[in-house]
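Asks: Sequence:
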Amino acid sequence: MIKIYHNPRCRKSREGLEILENSGKKFEVIRYLDDVPTKKELKQVISCLDIKPINLVRKSESIWKEKFKNRPLSDEEIIDAMISYPKLIERPIVIKNNSAVIGRPPENISNLINGEV
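End of the sequence shown sits at 467 in this note's numbering; the numbers just go up one at a time, nothing left out.
Hints listed in this document are in silico derivations from the structure and should not be mistaken for laboratory results. One thing to keep in mind: the hints can contain errors.
As the list claims (entries may be wrong) - Derived DSSO-like pairs: lysine-lysine, alpha-carbon spacing no greater than 27 Å straight-line:
#, residue 1, residue 2
1, K376, K353
2, K409, K389
3, K409, K390
4, K393, K446
5, K419, K390
6, K376, K393
7, K415, K393
8, K417, K390
9, K446, K417
10, K362, K409
11, K446, K390
12, K389, K437
13, K376, K389
14, K389, K402
15, K446, K353
16, K415, K390
17, K390, K376
18, K415, K389
19, K353, K393
20, K409, K353
21, K389, K353
22, K417, K393
23, K415, K402
24, K376, K409
25, K415, K446
26, K437, K353
27, K446, K389
28, K415, K376
29, K393, K362
30, K402, K446
31, K390, K353
32, K375, K415
33, K393, K375
34, K353, K402
35, K362, K437
36, K437, K409
37, K409, K393
38, K362, K419
Working from the sequences, and respecting the hints, build out all of it.
Replies: Written out as structure tokens, the structure is:
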């Protein structure tokens, strides 16, 4: 099953959703601002992406700049920050089986669903 962590207010996220809709494949939409992932779920997403938690953070968000920037944070603290403030989670994220991509650029999503990742 394919999943997309989606924010409908984000242009890139809408583009990613459109790619999935046009693919003809079944997928699940997770509106992560409304249905915030648990710590376990977020760790699984990070594992599928094969990145460090800091690489999933939207560092341009004002919440990050005001509360977290220039603070020495552990991976656990970064994950906790994303759970407390889900706007900090980069988007869109698409997961297929145990692989995942951040849909920036959106072509990453096409590569994943076509088995090129």
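Asks: Compare the structure with each hint and give your call.
Replies: Right, here's what the structure says about each hint:
no.: 1; hint: K376 <-> K353; result: 9 Å, holds
no.: 2; hint: K409 <-> K389; result: 20 Å, holds
no.: 3; hint: K409 <-> K390; result: 22 Å, holds
no.: 4; hint: K393 <-> K446; result: 16 Å, holds
no.: 5; hint: K419 <-> K390; result: 24 Å, holds
no.: 6; hint: K376 <-> K393; result: 24 Å, holds
no.: 7; hint: K415 <-> K393; result: 23 Å, holds
no.: 8; hint: K417 <-> K390; result: 23 Å, holds
no.: 9; hint: K446 <-> K417; result: 33 Å, violated
no.: 10; hint: K362 <-> K409; result: 16 Å, holds
no.: 11; hint: K446 <-> K390; result: 18 Å, holds
no.: 12; hint: K389 <-> K437; result: 15 Å, holds
no.: 13; hint: K376 <-> K389; result: 26 Å, holds
no.: 14; hint: K389 <-> K402; result: 15 Å, holds
no.: 15; hint: K446 <-> K353; result: 7 Å, holds
no.: 16; hint: K415 <-> K390; result: 25 Å, holds
no.: 17; hint: K390 <-> K376; result: 24 Å, holds
no.: 18; hint: K415 <-> K389; result: 22 Å, holds
no.: 19; hint: K353 <-> K393; result: 15 Å, holds
no.: 20; hint: K409 <-> K353; result: 24 Å, holds
no.: 21; hint: K389 <-> K353; result: 17 Å, holds
no.: 22; hint: K417 <-> K393; result: 21 Å, holds
no.: 23; hint: K415 <-> K402; result: 19 Å, holds
no.: 24; hint: K376 <-> K409; result: 32 Å, violated
no.: 25; hint: K415 <-> K446; result: 32 Å, violated
no.: 26; hint: K437 <-> K353; result: 18 Å, holds
no.: 27; hint: K446 <-> K389; result: 20 Å, holds
no.: 28; hint: K415 <-> K376; result: 37 Å, violated
no.: 29; hint: K393 <-> K362; result: 23 Å, holds
no.: 30; hint: K402 <-> K446; result: 19 Å, holds
no.: 31; hint: K390 <-> K353; result: 16 Å, holds
no.: 32; hint: K375 <-> K415; result: 38 Å, violated
no.: 33; hint: K393 <-> K375; result: 25 Å, holds
no.: 34; hint: K353 <-> K402; result: 20 Å, holds
no.: 35; hint: K362 <-> K437; result: 14 Å, holds
no.: 36; hint: K437 <-> K409; result: 10 Å, holds
no.: 37; hint: K409 <-> K393; result: 19 Å, holds
no.: 38; hint: K362 <-> K419; result: 24 Å, holds
Hint compliance for this structure: hints 9, 24, 25, 28 and 32 are not met, and every other hint is.
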